[in-house]
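Novice: Read off the chains here:
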Amino acid sequence: MKKAMFTLVLIILLVLPASLAAAPNFPVKPVEVVVGFAAGGGTHLAAELLTLEATTYLGQPIQVTCKPGAGGAIGATYVAAAKADGYTLLYATMSLPISLYMDSVDFSENDFVGLALASDVAPLLAVRSDAPFNNAKEMKDWIAVNPGKFSWSHPGVGSTLHVLGANMLYALGVTRQVKEVPFKGTNEGISAVLGGHVTAVSSFPATVLEQVRAGKMKVIGVSSSKRIAELPDAPTFIEQGFKATLTSTRGIFAPAKTPKDVLAVLDKTFAKIIQSEDFQKRAIKLGEPVVYADSATFNAMYREQLTMIKDLLKEIGLTK
Amino acid sequence: MEKKYADLRSGIVIILICALLYFWIIPAQIKYRGQADINPDFFPRLLVICGALCGLLIALQGAFGLKKAGRLNRSVFTDPEAKVSFKKYLRQFVFLGSALIYLFVMNCTGFIIASVLYLTFLLMFFGHSKFHWCLMKSVIFVGVVYLVFSLAFKISFPQGILGF
Amino acid sequence: MNIFFNSLVQFVSFEVILGIIAGVAVGIIGGGLPGISPSMCIALLLPISLYLPTPVAIGLMMGSYQGSMFGGSVSAILINTPGTASAAATTIDGYQMALNGQSGKALRMALFASCSGGIIGTMILLAMAKPLSSVALKFGPPEYFGLMLLSLALIAGISGKSLLKGLVSGFLGLLISTVGMDPILGTRRFTFRNINLADGLQTLSVFIGVFALAEVLAQLSQSRVQLFKKTDPLNVIDNKLSFREFWDQKVNIVKSSIIGALIGVLPGIGGSTACFVSYAEAQRRSKHPEKFGTGILEGIAAPEAANNAVAGGALVPLLTLGIPGDVVTAILVGALIVHGIKPGPLLFIEDIGSVYTIYIALFLAVIALFFVGKLGIPFFSKIVKLRKATLLPMIFIICVVGTYANRSNIFDSMTMIGLGAMGFILKKNKFPIAPLVISFVIGAQLEMSLRQSLILSDYSISIFFTRPISLVLIIGAVVFSFLMVRRNRKLAAKTAEN
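Residue numbers (numbering that gives the first Met the number 0), protein chains in the order written: chain H, 0 to 319; chain Z, 0 to 163; chain P, 0 to 497.
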């Protein structure tokens with residue numbers, strides 16, 4: 000009899016903690032969101048927007064940590080290896096799928112699950128305003144007549160703008176006739192274009208906005224399905240007949256092994272945070288677009304991006 | 000005289016390191032496909048060759064100096080002035096080794112505990128003798144550094160298994 | 000004129016003045032703490048500035064910019080650890096002066112030079128913003144290459160007694176700058192499969208390791224008893240800075256400020272390059288170049304004037320074109336946008352008031368720096384009174400924290416240790432450290448500009464010689480090297496005679 004009691008108590012003691020863990024007592028301490036880019040940069044500032052409403056909707060503050068390096072891969076490696084308890088999340092850009100295929104990294108595509116889409120920016124190709132062509136078709140014709148004279152800049156091999164820029168030129172069919180020149184950042188590229196050293200720059204709208212407004216640069220095409228709000232006069236590639244609609248997404252990821260109920264809590268919370276009025280107001284002020292997609296949609300997007308980018312990189316010739 | 004031995008030694012070491020780099024490390028570490036006009040290994044190889052040339056000249060400088068003094072013979076190996084005494088640098092080795100251990104341990108125990116313990120050790124290693132005094136100073140110093148960096152400048156330090 | 004007065008009036012407010020002073024204080028402290036860079040200080044103040052009216056916010060950030068450029072020299076001088084990358088050159092003579100018991104004099108020189116540099120940089124900004132920015136645009140990859148080559152040639156002049164050893168240090172610096180991803184092809188070089196090295200060795204790890212840690216290792220050769228000795232208070236001879244001593248540096252300061260401002264104008268290069276180029280140039284034109292590195296005022300005045308002048312210079316492309324001139328102004332862009340100021344070619348036309356606000360804030364920041372710095376110096380100097388057995392271990396912990404803080408990555412602290420060992424070995428074998436550091440800073444930009452140029456020219460070298468600016472710079476580099484080598488030979492012969 001005593002033995003049976005003892006075994007019963009033992010079983011209860013073993014089962015109890017497990018059942019308690021299943022209860023969504025999350026979160027009890029601050030949640031860390033890791034950004035794989037430098038502090039003060041665009042991605043960091045965009046991630047910081049999440050922290051403002053956090054305590055109201057999540058009950059705990061969100062702390063943004065920057066772990067820059069290797070185009071976001073250092074931050075991603077850190078989160079992939081972290082404990083999957085929902086307290087360590089990743090704020091990543093499209094460099095995540097890119098780095099998986101262009102680089103040798105210590106994490107795999109299945110290490111992450113998408114939680115929320117927070118931003119979606121369309122890249123564009125811009126040239127100096129006195130360039131001898133005004134739209135994509137004219138540019139393509141010019142390149143055909145002047146082989147080897149066209150050069151374009153991007154902020155580094157493997158960066159999102161590198162891949163997206165290569166994609167735009169691939170859609171134009173001019174990949175082999177252009178010279179690709181990496182610079183330290185988009186600003187240095189813009190400076191080179193203004194100085195006439197390089198013909199075009201692959202950039203996000205916010206960085207060239209003022210140049211276009213001042214009439215110093217003009218946009219050849221935007222890679223997006225429809226025209227963007229910041230530059231309503233800039234034509235998209237697709238409306239000019241060239242198939243380049245790939246945009247750069249930014250979103251929140253969790254380690255894949257995070258328990259489903261924790262993920263559910265995070266999903267609901269980010270839905271509220273990102274769609275809140277305050278968040279959207281500040282995002283607009285920062286020049287960020289206002290988009291949102293929930294965990295299921297974003298995760299599907301992520302999966303889609305993985306296959307698409309894998310094939311794209313091969314097609315463009317950035318990987319074998 | 001010591002200088003000339005040192006020059007000869009430095010020169011030879013430089014040549015050896017450059018050879019190591021050129022023939023082993025560079026091919027192992029820089030792997031690229033295809034052939035651009037300037038490959039990723041162009042610069043490193045160029046630098047290594049230039050370095051080796053300088054190393055050679057330095058060694059020759061030392062050798063000529065020794066020859067002039069009539070010492071360029073077997074005594075190069077036996078002369079006490081030519082010896083490098085590793086024992087002289089024991090303290091440096093201990094320091095560096097312990098520093099690496101400290102950094103590794105930090106990942107387990109967290110910044111605060113690791114630093115307090117290590118700083119106490121260092122204070123004693125560098126000349127203090129009263130353990131309690133060192134421990135106290137450690138706690139205060141690490142505490143202040145931690146507070147200033149983490150609160151004022153929002154740096155998050157490595158956390159240990161204990162959660163801080 | 001009206002607009003100018005409107006902007007000026009904004010500054011006649013207690014809030015704004017307080018903001019500037021607070022910014023300077025934060026900048027000095029942040030700059031003084033190794034690992035907290037000037038960009039981090041501004042990034043930190045950014046969210047706070049959101050709740051403040053625009054003039055206060057701008058005052059805060061300009062104050063922080065100038066303050067951190069001085070703050071870095073405080074730790075450089077006192078504990079041989081550059082607090083910011085721009086103070087690395089100050090470490091060379093600054094720490095030597097501290098060892099000679101002249102830390103107060105060194106700090107004061109650093110402060111006055113910083114303020115002078117700040118003023119001159121601002122004046123250059125005011126007077127020549129537009130013409131400078133059009134010249135800056137003429138600098139494409141070949142011109143950047145020429146400039147880097149010229150800067151590298153200066154190394155020949157700071158190699159000290161042994162040109163060969165200086166060259167080896169220089170090549171080593173260039174070699175370690177290749178660690179990481181190849182800038183053009185993305186190939187990993189020397190990363191030993193470690194993702195933390197993908198972006199190369201961190202600048203701060205190199206500086207702190209090679210200067211501070213190597214020195215700690217060198218000090219360790221003394222016995223425990225020696226390290227435990229109390230510092231001799233009577234050793235404080237000649238610790239104040241006389242006006243005469245400052246005035247003697249006026250040519251040095253003006254020239255170095257100009258160098259700093261011009262380097263700041265070019266996007267992509269900033270404080271860390273400016274401090275070394277001005278230091279090497281000051282040594283080159285000095286009447287007693289062999290004294291550099293032993294602890295002389297010139298060696299402090301030059302880099303400190305230059306790095307504060309960088310601020311004015313870096314604002315030139317920012318305000319005229321919307322392109323930041325260095326990493327700190329890059330963060331400033333975000334801050335300005337959030338306050339409704341849009342840096343771009345239209346700024347002067349649409350919002351000249353904000354431009355004036357920035358100019359005035361910069362000017363006032365320098366003045367605030369003077370007073371806050373003066374207050375702080377006696378306080379900072381107390382650090383030197385600690386005995387080595389206490390100071391050195393604490394310095395080491397600061398080095399670890401500083402190298403960690405940059406990327407929140409312990410690996411960077413580990414590389415610092417490795418580099419410290421390397422620096423120590425170099426020191427012991429009488430290899431000069433300065434050439435290594437300067438070529439490390441220049442190396443990345445040098446290789447990138449070279450290969451960018453070759454891509455643009457389809458691999459023909461003629462691109463360097465058919466463009467006037469780059470031709471001039473390259474010829475200058477060759478001529479400089481010649482002159483430096485010749486002077487070095489003469490110097491070596493002179494010392495051999497003695």
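None of these hints come from the bench; they were simulated from the model.
It is possible that part of the hints are untrue.
[Claimed, not checked] Cross-link-like lysine to any residue pairs, in silico, SDA-like; alpha carbons within 25 Å at most:
{"#": "1", "chain 1": "Z", "residue 1": "K153", "chain 2": "H", "residue 2": "T54"}
{"#": "2", "chain 1": "P", "residue 1": "K493", "chain 2": "Z", "residue 2": "V93"}
{"#": "3", "chain 1": "Z", "residue 1": "K30", "chain 2": "Z", "residue 2": "R8"}
{"#": "4", "chain 1": "Z", "residue 1": "K87", "chain 2": "P", "residue 2": "K341"}
{"#": "5", "chain 1": "P", "residue 1": "K426", "chain 2": "Z", "residue 2": "S84"}
{"#": "6", "chain 1": "P", "residue 1": "K427", "chain 2": "Z", "residue 2": "A68"}
{"#": "7", "chain 1": "Z", "residue 1": "K87", "chain 2": "P", "residue 2": "K427"}
{"#": "8", "chain 1": "P", "residue 1": "K229", "chain 2": "Z", "residue 2": "D40"}
{"#": "9", "chain 1": "H", "residue 1": "K136", "chain 2": "H", "residue 2": "T54"}
{"#": "10", "chain 1": "H", "residue 1": "K242", "chain 2": "H", "residue 2": "N133"}
{"#": "11", "chain 1": "Z", "residue 1": "K66", "chain 2": "P", "residue 2": "K341"}
{"#": "12", "chain 1": "P", "residue 1": "K426", "chain 2": "Z", "residue 2": "K30"}
{"#": "13", "chain 1": "H", "residue 1": "K82", "chain 2": "Z", "residue 2": "L56"}
{"#": "14", "chain 1": "Z", "residue 1": "K129", "chain 2": "P", "residue 2": "R223"}
{"#": "15", "chain 1": "P", "residue 1": "K387", "chain 2": "Z", "residue 2": "I14"}
{"#": "16", "chain 1": "P", "residue 1": "K341", "chain 2": "H", "residue 2": "E229"}
[Unchecked claim] Here chain P is said to cover these stretches of chain H; the calculated rule only asks that three of the stretch's residues, wherever they fall, bring their Cβ under 8 Å from a Cβ of chain P:
{"#": "17", "stretch": "143 to 157"}
{"#": "18", "stretch": "193 to 200"}
{"#": "19", "stretch": "294 to 301"}
Every value quoted in this text rests on a predicted model; they were computed, and no experiment measured them.
Even for Gly, the Cβ is constructed at its ideal location relative to N, Cα and C.
Novice: Which of the listed hints are broken here?
Specialist: 2, 3, 4, 8, 9, 11, 12, 13, 15, 19
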